[in-house]
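Protein chains: 2
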Amino acid sequence: MQRFKLLAALSAVALTASTAALANDGLLKMQQNAKDWVMPLGNYSSTRYSELDQINKGNVGDLQVAWTFSTGVLRGHEGGPLVVGDVMYIHTPFPNKVFALDLNDDGRIIWKYEPRQDPNVIPVMCCDTVNRGVAYGDGTIFLHQADTTLVALDAATGAVKWSKKNGDPGKGETGTSAPLVAGDKVLIGISGGEFGVQGHVTAYNMKDGSIAWRGYSVGSDERLIVDPAKTTHLGKPVGKDSGTNTWEGDQWKLGGGTTWGWLSYDPDLNLVYYGSGNPGTWNPAQRPGDNRWSMTIFARDLDTGMTKWLYQMTPHDEWDYDGVNEMILADIDVGGTKRKTLVHFDRNGFGYTLDRVTGELLVAEKFDPAVNWATHVDMKTGRPQVVSQYSTDQNGADVNSEGICPAALGSKDQQPASFSPKTGLFYVPTNHVCMDYEPFEVSYTAGQPYVGATLSMYPAPGGTHLGNFIAWDAGTGKIKWSNPEPFSVWSGSLATAGDVVFYGTLEGYLKAVDPDSGKELFRFKTPSGIIGNVNTFEHGGKQYVGVLSGIGGWAGIGLAAGLTEDTAGLGAVGAYKALSSYTNLGGQLTVFALPD
Amino acid sequence: MQRFKLLAALSAVALTASTAALANDGLLKMQQNAKDWVMPLGNYSSTRYSELDQINKGNVGDLQVAWTFSTGVLRGHEGGPLVVGDVMYIHTPFPNKVFALDLNDDGRIIWKYEPRQDPNVIPVMCCDTVNRGVAYGDGTIFLHQADTTLVALDAATGAVKWSKKNGDPGKGETGTSAPLVAGDKVLIGISGGEFGVQGHVTAYNMKDGSIAWRGYSVGSDERLIVDPAKTTHLGKPVGKDSGTNTWEGDQWKLGGGTTWGWLSYDPDLNLVYYGSGNPGTWNPAQRPGDNRWSMTIFARDLDTGMTKWLYQMTPHDEWDYDGVNEMILADIDVGGTKRKTLVHFDRNGFGYTLDRVTGELLVAEKFDPAVNWATHVDMKTGRPQVVSQYSTDQNGADVNSEGICPAALGSKDQQPASFSPKTGLFYVPTNHVCMDYEPFEVSYTAGQPYVGATLSMYPAPGGTHLGNFIAWDAGTGKIKWSNPEPFSVWSGSLATAGDVVFYGTLEGYLKAVDPDSGKELFRFKTPSGIIGNVNTFEHGGKQYVGVLSGIGGWAGIGLAAGLTEDTAGLGAVGAYKALSSYTNLGGQLTVFALPD
Chain A
1 MQRFKLLAAL SAVALTASTA ALANDGLLKM QQNAKDWVMP LGNYSSTRYS ELDQINKGNV
61 GDLQVAWTFS TGVLRGHEGG PLVVGDVMYI HTPFPNKVFA LDLNDDGRII WKYEPRQDPN
121 VIPVMCCDTV NRGVAYGDGT IFLHQADTTL VALDAATGAV KWSKKNGDPG KGETGTSAPL
181 VAGDKVLIGI SGGEFGVQGH VTAYNMKDGS IAWRGYSVGS DERLIVDPAK TTHLGKPVGK
241 DSGTNTWEGD QWKLGGGTTW GWLSYDPDLN LVYYGSGNPG TWNPAQRPGD NRWSMTIFAR
301 DLDTGMTKWL YQMTPHDEWD YDGVNEMILA DIDVGGTKRK TLVHFDRNGF GYTLDRVTGE
361 LLVAEKFDPA VNWATHVDMK TGRPQVVSQY STDQNGADVN SEGICPAALG SKDQQPASFS
421 PKTGLFYVPT NHVCMDYEPF EVSYTAGQPY VGATLSMYPA PGGTHLGNFI AWDAGTGKIK
481 WSNPEPFSVW SGSLATAGDV VFYGTLEGYL KAVDPDSGKE LFRFKTPSGI IGNVNTFEHG
541 GKQYVGVLSG IGGWAGIGLA AGLTEDTAGL GAVGAYKALS SYTNLGGQLT VFALPD
Chain B
1 MQRFKLLAAL SAVALTASTA ALANDGLLKM QQNAKDWVMP LGNYSSTRYS ELDQINKGNV
61 GDLQVAWTFS TGVLRGHEGG PLVVGDVMYI HTPFPNKVFA LDLNDDGRII WKYEPRQDPN
121 VIPVMCCDTV NRGVAYGDGT IFLHQADTTL VALDAATGAV KWSKKNGDPG KGETGTSAPL
181 VAGDKVLIGI SGGEFGVQGH VTAYNMKDGS IAWRGYSVGS DERLIVDPAK TTHLGKPVGK
241 DSGTNTWEGD QWKLGGGTTW GWLSYDPDLN LVYYGSGNPG TWNPAQRPGD NRWSMTIFAR
301 DLDTGMTKWL YQMTPHDEWD YDGVNEMILA DIDVGGTKRK TLVHFDRNGF GYTLDRVTGE
361 LLVAEKFDPA VNWATHVDMK TGRPQVVSQY STDQNGADVN SEGICPAALG SKDQQPASFS
421 PKTGLFYVPT NHVCMDYEPF EVSYTAGQPY VGATLSMYPA PGGTHLGNFI AWDAGTGKIK
481 WSNPEPFSVW SGSLATAGDV VFYGTLEGYL KAVDPDSGKE LFRFKTPSGI IGNVNTFEHG
541 GKQYVGVLSG IGGWAGIGLA AGLTEDTAGL GAVGAYKALS SYTNLGGQLT VFALPD
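One line per chain: the protein sequences are A and B, in this order.
Per my numbering: the first sequence ends with 596, consecutive numbering throughout.
Per my numbering: the second sequence ends with 596, consecutive numbering throughout.
Among these hints, one or two may not hold up.
Claimed, not checked - Sample of chain B residues facing chain A (criterion: CB under 7 Å; computed from the structure):
id : residue
1  : Gln64
2  : Val65
3  : Trp67
4  : Arg108
5  : Ile109
6  : Trp213
7  : Gly239
8  : Ser482
9  : Leu521
10 : Lys525
11 : Ser528
12 : His539
13 : Gly540
14 : Tyr582
15 : Asn584
Stated by the list, open to error - As a list, the in silico EDC-like pairs of lysine to aspartate or glutamate whose alpha-carbon atoms are at most 20 Å apart:
id : chain 1 : residue 1 : chain 2 : residue 2
16 : A       : Lys480    : A       : Asp596
17 : B       : Lys57     : A       : Asp105
18 : B       : Lys577    : A       : Asp105
19 : B       : Lys253    : B       : Glu441
20 : A       : Lys577    : B       : Asp102
21 : A       : Lys577    : B       : Asp62
22 : B       : Lys542    : B       : Asp62
Claimed, not checked - Pairwise CB distance ranges, derived in the manner of DEER restraints:
id : chain 1 : residue 1 : chain 2 : residue 2 : range
23 : A       : Asp168    : B       : Tyr444    : 47 to 53 Å
24 : A       : Asp514    : B       : Asp596    : 32 to 38 Å
25 : A       : Asn120    : B       : Lys29     : 56 to 62 Å
26 : A       : Gly61     : B       : Leu563    : 42 to 48 Å
27 : B       : Asp596    : A       : Gly541    : 24 to 30 Å
Simulated from the structure, these hints should not be mistaken for lab results.
Keep in mind the model is a prediction, meaning the values are calculated, not measured.
C-beta atoms are modelled at their ideal positions from N, C-alpha and C, and glycine is treated no differently.
Using the sequences and the hints, build the whole thing.
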């Protein structure tokens with residue numbers, strides 16, 4: 001506990017000084033310390049890369065389980081542990097328990113936080129009762145509960161410092177995403193894309209939970225926080241009323257771009273990056289137009305929320321290709337020039353590389369060859385060229401459009417990729433799933449599902465496997481290697497300086513592969529399917545790898561919620577039925593290390 | 001699957017031949033094959049000893065986790081896995097799922113059985129919704145469900161062959177114990193000692209589930225299945241009406257010696273051994289007399305149920321010292337002579353050694369020095385000499401008798417001990433817990449608790465630890481060594497020819513110790529507290545050790561059922577409160593092996 005106490009003391013000083021700069025500096029340094037794992041995606045750039053190299057390509061095959069911990073909660077465990085000094089923080093799906101575990105004592109529980117939440121929130125969580133993790137900053141753990149309560153917990157004691165309601169579950173607004181702490185603020189989005197919820201990201205002042213700014217995905221310029229003349233879309237000012245003028249009437253009020261994914265931050269540019277989700281109702285006939293700014297990458301100023309640029313990937317969505325996946329900030333070579341890029345693997349199956357300073361589109365290529373809904377992205381307009389056969393709008397409501405790839409859960413969902421600066425490659429957990437999609441007319445009732453489509457999902461043509469784990473060259477937009485997996489890879493990957501890449505599988509395997517070839521170096525069957533994100537840390541001079549097991553999430557919703565109809569779980573249940581031969585529910589942490 | 005198919009084929013032959021002798025022979029041989037683990041306590045003698053020695057005193061420190069499996073069920077996981085050829089069978093607490101796992105494929109699920117049971121059975125399970133395991137015989141897996149359904153499942157497919165109701169949950173009769181397969185019969189007891197249930201053991205014909213015989217613990221000679229002239233108690237005939245004549249009036253009808261513990265079998269003598277539990281109501285003032293045959297060891301003929309001998313350990317129980325713990329059959333030296341003995345560690349704190357042929361009492365000594373309710377056992381009469389200060393009957397109803405050792409959950413509960421013929425010692429998981437006990441008048445209502453006492457429990461004087469793991473010399477009745485444990489040891493131990501003894505702890509550690517000294521050789525923190533029993537088996541030339549984690553049971557009832565009042569859980573909640581700093585609910589199997 002020595003080191004932790006020191007950190008806590010330092011944090012206290014920072015809080016007393018109470019300046020954004022100080023707080024910012026503390027976490028800025030901590031996210032660069034490879035011994036800790038202080039934010040869900042490892043660092044502000046969301047690279048999920050660690051400089052630790054004790055576990056390496058040569059010895060990873062000897063990895064063994066060091067200790068384990070049951071969370072006591074069933075259903076899907078997304079996200080992963082944080083490590084700050086001698087303490088690990090883990091979280092659970094609803095009811096969103098948080099545990100502080102003593103790394104000096106095989107994970108003894110230092111404190112636990114067990115919120116009491118109205119279970120009525122469960123039916124308004126579209127795709128399992130998941131939570132993607134807590135955030136750390138200034139001696140505080142921030143948790144975004146299912147009921148949208150954002151709570152600040154004393155990292156040393158678990159005592160509640162403050163709590164704020166970020167939304168209203170009665171309207172279908174829920175919390176599943178992990179907060180981001182940056183500067184003196186803690187930022188959080190909102191879930192509920194299947195309930196006609198308007199998306200927004202809100203910056204709370206860490207100190208007291210007061211709101212610094214809230215930027216919506218749809219609505220007036222003021223709500224969006226855009227400057228019509230300065231905020232750009234592919235280099236051009238967005239102009240006035242961009243958040244309403246591509247919608248018919250008031251439809252924008254019923255669903256616009258929820259923000260349930262990951263947040264990244266560039267401290268030099270002071271910009272926060274994230275994506276927005278689907279426009280309201282999955283029946284595209286009910287909402288003509290581009291439906292801006294759903295399905296959009298946002299770059300906002302941390303201090304003011306002002307949108308510097310945005311880019312809509314899937315105008316007028318017809319397939320539920322939410323744009324919320326992580327934004328990885330990496331400086332890579334594109335066309336012979338080193339660029340400050342943002343790399344994003346979208347649900348729509350395209351891997352995008354943008355200039356993160358300007359929002360310029362540099363690369364947009366398919367990261368799964370099965371993708372067929374669009375032929376390509378026009379690099380000038382940024383628009384995908386939709387294939388009529390797979391246009392659920394052109395085919396019309398009450399028509400079953402067959403064979404669309406990817407399925408609604410995308411060529412990749414929220415499970416975050418990793419980037420190794422050593423290889424220059426991105427390691428991407430992907431889905432290899434297609435669908436039939438039949439839209440239908442739906443009317444809005446607050447708090448009720450607002451979906452308007454019937455789906456079924458199945459493996460992409462030519463095989464039976466539902467996933468691939470791939471290495472991607474974001475400078476050229478090409479797959480370097482691809483490992484087929486029986487099921488979607490729904491676990492966040494980890495790349496390390498030890499030349500190893502880790503990821504989990506839905507059957508429950510933690511796997512380690514060679515970053516250059518994808519060759520499997522290690523596998524271990526954890527107690528339940530893995531939809532959590534792998535992390536690594538050093539403690540007592542030893543490198544550890546940790547991951548949460550706990551089958552569930554959208555891909556595992558059949559097991560998690562006990563659904564058996566093929567079209568249940570928004571179409572996912574049928575595709576993943578075979579999972580039940582491999583694993584059961586159960587939330588466990590497994591921590592690995594090399595033998596002494 | 002090769003080997004398993006062969007076994008199944010052999011079993012089919014045996015069933016066709018349909019003679020007790022053949023079936024008997026098959027399992028007789030299998031229980032001697034150290035590569036399998038075909039019955040919950042390892043073999044008919046319930047020694048929990050394995051001839052496997054690949055894992056030994058010298059290398060056990062290198063043990064590592066080979067694979068893991070989540071059961072998807074929370075609450076207490078008692079019992080342990082069976083292994084038959086290439087297949088492992090594991091079970092869960094309510095709802096009593098059974099999984100057949102493929103040992104050739106990291107525990108892939110070959111089949112699962114998920115009974116639908118009325119959840120109203122949960123409130124009539126006194127001490128968590130535990131189940132102590134399934135039994136194997138003739139290609140069939142036998143499960144005793146919480147609702148008392150005894151079900152026969154095809155071991156290859158999980159298909160139900162037959163199912164029978166063994167009791168009525170509406171009257172508080174429940175199923176928690178593991179069946180015993182012997183000859184052409186499957187035997188099972190019944191739980192419900194806190195609901196005024198009359199205990200019985202029933203022998204079902206394996207083939208079709210018809211009843212061969214049912215022997216009660218109380219009632220008429222016919223119900224008991226005794227021969228007044230030939231059935232003996234300490235060498236003397238029991239005489240007529242022995243099951244009613246030590247009760248006042250009809251009180252015997254409200255609670256007599258439930259049979260929720262373990263069954264052992266001596267094929268040479270063709271005798272089945274087990275113990276009965278407490279007499280009805282914990283308030284002794286309501287039931288004057290010895291209350292025979294509660295708290296009694298039974299030796300019954302397998303074919304007819306006829307009682308050969310019995311021995312009542314705690315006449316007129318005043319402390320809930322159920323006599324159901326396992327009967328270990330071992331041929332050991334007593335007073336210079338090799339005897340066919342039965343060794344039993346009773347809840348009342350005495351370790352008994354009897355001649356299992358005749359029922360002669362050879363040794364009765366305290367296996368926890370804290371035991372204070374009796375000074376000693378009179379070896380002639382077999383009666384304990386009760387200390388007035390700790391007699392809840394002499395102190396009277398509505399008086400709180402303080403400082404009684406052991407507590408109601410005994411110096412040892414159902415967690416089975418092991419016996420190593422190599423050392424001649426018994427390895428006993430024990431409780432080191434005392435109690436205050438205040439009886440009160442209670443009236444009987446079918447299906448309602450019939451307890452009549454308020455208890456609180458705490459560590460035995462002179463320390464804070466709640467358990468010991470001990471080595472016992474049953475020939476002399478002496479503790480060879482004793483390892484204090486922070487909490488009760490509620491896990492069944494395993495002794496092996498590799499000179500290692502294994503057991504689990506409530507914090508979740510699997511530990512390996514030196515059988516001669518108790519020195520710790522290995523420890524590993526499994527996901528949840530261990531109340532399951534450790535087993536071992538060989539597969540593909542490699543020795544494995546397996547154990548179920550999953551905190552709960554009587555000691556863990558606070559965590560399992562979310563109880564917080566100190567006197568809740570029949571007094572156990574207060575004593576074990578600190579457990580919540582170490583572990584959470586969760587059912588997982590962890591399988592260990594040496595590195596390749």
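Consistency of the hints with the structure:
no.	hint	in the structure
1	Gln64	holds, 4 Å
2	Val65	holds, 4 Å
3	Trp67	holds, 4 Å
4	Arg108	holds, 6 Å
5	Ile109	holds, 5 Å
6	Trp213	violated, 38 Å
7	Gly239	violated, 54 Å
8	Ser482	violated, 24 Å
9	Leu521	violated, 15 Å
10	Lys525	holds, 4 Å
11	Ser528	holds, 4 Å
12	His539	violated, 15 Å
13	Gly540	violated, 16 Å
14	Tyr582	holds, 6 Å
15	Asn584	holds, 3 Å
16	A:Lys480 / A:Asp596	violated, 35 Å
17	B:Lys57 / A:Asp105	violated, 25 Å
18	B:Lys577 / A:Asp105	holds, 19 Å
19	B:Lys253 / B:Glu441	holds, 17 Å
20	A:Lys577 / B:Asp102	holds, 19 Å
21	A:Lys577 / B:Asp62	violated, 38 Å
22	B:Lys542 / B:Asp62	holds, 14 Å
23	A:Asp168 / B:Tyr444: 47 to 53 Å	holds, 52 Å
24	A:Asp514 / B:Asp596: 32 to 38 Å	violated, 20 Å
25	A:Asn120 / B:Lys29: 56 to 62 Å	holds, 58 Å
26	A:Gly61 / B:Leu563: 42 to 48 Å	holds, 46 Å
27	B:Asp596 / A:Gly541: 24 to 30 Å	holds, 26 Å
The structure shown violates the earlier hints numbered 6, 7, 8, 9, 12, 13, 16, 17, 21, 24.
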